[in-house]
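Sequential numbering of the sequence shown, starting at 0, is according to numbering that gives the first Met the number 0.
Hints were generated in silico from the structure; no laboratory data involved. Worth double-checking, as some hints may not be accurate.
Said to hold, decoys possible - Pairs of lysine-lysine, PhoX-like flavour, derived with a Cα cap of 25 Å:
hint, residue 1, residue 2
1, K214, K123
2, K286, K213
3, K123, K213
4, K214, K286
5, K123, K76
Stated by the list, open to error - Computed beta-carbon distance windows for the label pairs:
hint, residue 1, residue 2, range
6, D66, F273, 21 to 31 Å
7, L63, L249, 44 to 54 Å
8, M136, L70, 12 to 22 Å
9, T28, V167, 48 to 58 Å
10, S170, V57, 41 to 51 Å
11, S211, L70, 17 to 27 Å
Note that the Cβ used here is the ideal one computed from N, Cα and C, for glycine as well.
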Amino acid sequence: MQLQEVAKSGFKSPVSPLWWHAAALSLLTVWLYAPIVSPLIQLWWQDPNYLHGFLVPVFSLFLLWEDRSRLTALPLKPSWSGLPIVALALCALIIGAASTEFFLPRISLLLLIAGLVVFLAGWKFLSAVSFPLLFLMLMAPSSAIYSQLTFPLQLFASRTASFLLNAVGISAIREGNVILLPTARMEVAEACSGIHSLFSLLTIAVIYGHFSEKKAAARLLLILAAIPISIVANAVRIAGTGVLIQHWGLPRVEGTVHLLSGWLVFVVSLALLFLFHSALHRLSDRKDGEGQGGAR
Numbered sequence: 000m001q002l003q004e005v006a007k008s009g010f011k012s013p014v015s016p017l018w019w020h021a022a023a024l025s026l027l028t029v030w031l032y033a034p035i036v037s038p039l040i041q042l043w044w045q046d047p048n049y050l051h052g053f054l055v056p057v058f059s060l061f062l063l064w065e066d067r068s069r070l071t072a073l074p075l076k077p078s079w080s081g082l083p084i085v086a087l088a089l090c091a092l093i094i095g096a097a098s099t100e101f102f103l104p105r106i107s108l109l110l111l112i113a114g115l116v117v118f119l120a121g122w123k124f125l126s127a128v129s130f131p132l133l134f135l136m137l138m139a140p141s142s143a144i145y146s147q148l149t150f151p152l153q154l155f156a157s158r159t160a161s162f163l164l165n166a167v168g169i170s171a172i173r174e175g176n177v178i179l180l181p182t183a184r185m186e187v188a189e190a191c192s193g194i195h196s197l198f199s200l201l202t203i204a205v206i207y208g209h210f211s212e213k214k215a216a217a218r219l220l221l222i223l224a225a226i227p228i229s230i231v232a233n234a235v236r237i238a239g240t241g242v243l244i245q246h247w248g249l250p251r252v253e254g255t256v257h258l259l260s261g262w263l264v265f266v267v268s269l270a271l272l273f274l275f276h277s278a279l280h281r282l283s284d285r286k287d288g289e290g291q292g293g294a295r
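Kindly generate the complete structure, drawing on both the sequences and the hints.
In structure tokens:
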């Protein structure tokens, strides 16, 4: 009797067709972007300046998992308007693959994900996952942004370093991004501009702020504070390198010592970020205490 009822009603798959579509599109996306993502992962692994890239997708996935109850409660409203975004992403992929521009194919992946989210779940769902999606941009910042920021950072670092060297009694003459010492000529190259450590510290500031702060304003202040901390710390590093060159000589400073100084300065930058957060907490507690005292 029961078998007859089932036969009459027909078999219904427990899996929604939407999830089949999502799975098929996910597999297609993986196949399409594997040649783009694979070199990016190799860059993270081989270059210490991009090591923070591993943290970015992990943290984005964690944000989605943390917010899963709210996301699953959202009504799914698929929209055909996601298809133009998908088309734009594919155009960006084709143009980027045909040129030497690496950022365009990588950013096209984010556009494709956004378009698929709209197509499968709707605009409200895209709004709900916008922050984890935008955070993925830190995986591979634009080369155009790098080129626009690198030279000004080189000039700032060389200018500040020469000032600090003169302040401690070492004669330093700056010519652009080159610092002339009495015993050597020190060039602040693109790799020493601090651009890589800046994006690394920004990434950590976002993650640290999420776990340590509930107030959006405090999280924003932590992110903003990471910018001057990283820039000034890099300038101090270059000045310290100049002091070592003056007293030890250029051959002893190159290589391992130079590499270790970069890691040391990054650790100091993290410590300064934590100290800034501690001072922010104390100031907030003091204001809360004064507010409660005034209320009484």
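Verification of the hints:
no. : hint                   : result
1   : K214 / K123            : holds, 23 Å
2   : K286 / K213            : holds, 17 Å
3   : K123 / K213            : holds, 23 Å
4   : K214 / K286            : holds, 15 Å
5   : K123 / K76             : holds, 8 Å
6   : D66 / F273: 21 to 31 Å : holds, 26 Å
7   : L63 / L249: 44 to 54 Å : holds, 49 Å
8   : M136 / L70: 12 to 22 Å : holds, 21 Å
9   : T28 / V167: 48 to 58 Å : holds, 55 Å
10  : S170 / V57: 41 to 51 Å : holds, 48 Å
11  : S211 / L70: 17 to 27 Å : holds, 24 Å
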